[in-house]
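Turn these sequences into a full structure, and let the hints steer you where they fit.
Here the sequence shown stands for residues 1 to 217, numbered as in my numbering.
None of these hints come from the bench; they were simulated from the model. Please note that a few of the clues may not be correct.
Beta-carbon label-pair distances, calculated as ranges [said to hold, decoys possible]:
| id | residue 1 | residue 2 | range |
| --- | --- | --- | --- |
| 1 | Gly135 | Lys77 | 40 to 48 Å |
| 2 | Glu188 | Gly135 | 30 to 38 Å |
| 3 | Gly130 | Lys93 | 38 to 46 Å |
| 4 | Asp209 | Gln84 | 31 to 39 Å |
| 5 | Leu109 | Asp209 | 17 to 25 Å |
| 6 | Val15 | Gly51 | 51 to 59 Å |
| 7 | Ser207 | Glu78 | 39 to 47 Å |
Note that CB positions come from ideal geometry on N, CA and C, so glycine has one too.
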Amino acid sequence: MELIRQLVQNLIVIVVLAVFLEMLLPASDMRRYVKMVMGLLIIVVVLQAIGGIVRGDWQRHLEPAINAAPSGVPDLKEILAAGQRLKDGQEQKALEEYRQGLSRQIVALAGLNSEVQVVKARVEIYTDPGDRHYGQIREVFLLLAAARPRIQEQGSGRGEQLVEPVTINVGERAQPVQGEVNAKPGPEAEKAAARLARVVADFYNLSPDQVKVQWVS
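Structure (structure tokens):
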């Protein structure tokens, strides 16, 4: 109704102005041009009013259609929450695979040292996304065998170390280990373990305190 009222007011003003100009102008071809201009103004005013009505009706029907969600379809907040949960789950899975990969790599690296027997390696990483060390190694635990390997004499007279086969479970958290933890190794074994810890720390750019050694019998 407001648009119609404005349209009527504008038309009245244009008509009055046209009549007033026609009275002032002399009888000449100028009157014809004034009438043409006034006609164009009337057309413009009418088109503006029609455009306002159409635009207002379109917006009135469009906004409810955008805001209203179809039945059975989750709203935007639920979709975003589900996406965030999926993202967090994928990140945790990737971190766990990364941690296990580091454990396997450390076991392989420590296995190059023939002075000590590596039973298992466990890696702890920073898992808080807000931490500036996120994804980096926090601590490394090396589980070493305190018992000395057996010596078997070969035909050449040289001894070769034979160790009992062990099962290396990589990446497990706080799992019980067969044997006595913190068993007492010999002095040479302790020195070899310290050298191995330094090698692991240097390889991964860690401080010596971040690499811990435990012994089992």
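Quick rundown of the hints versus the structure:
Between Gly135 and Lys77 the beta carbon distance is about 29 Å. The supplied range of 40 to 48 Å is therefore violated. Between Glu188 and Gly135, the C-beta spacing of about 37 Å keeps the proposed range 30 to 38 Å intact. Hint check: Gly130 to Lys93, Cβ distance near 19 Å, so the stated range 38 to 46 Å is violated. Evaluation of the 31 to 39 Å hint for Asp209 and Gln84 yields a pass: the beta carbon distance comes to about 36 Å.
A hinted range of 17 to 25 Å holds for the C-beta pair Leu109 and Asp209, which are about 19 Å apart. Look at Val15 against Gly51: about 21 Å separates their beta carbons, and that is not inside 51 to 59 Å. Remark: the range hint 39 to 47 Å for Ser207 to Glu78 is upheld by a beta-carbon distance near 45 Å.
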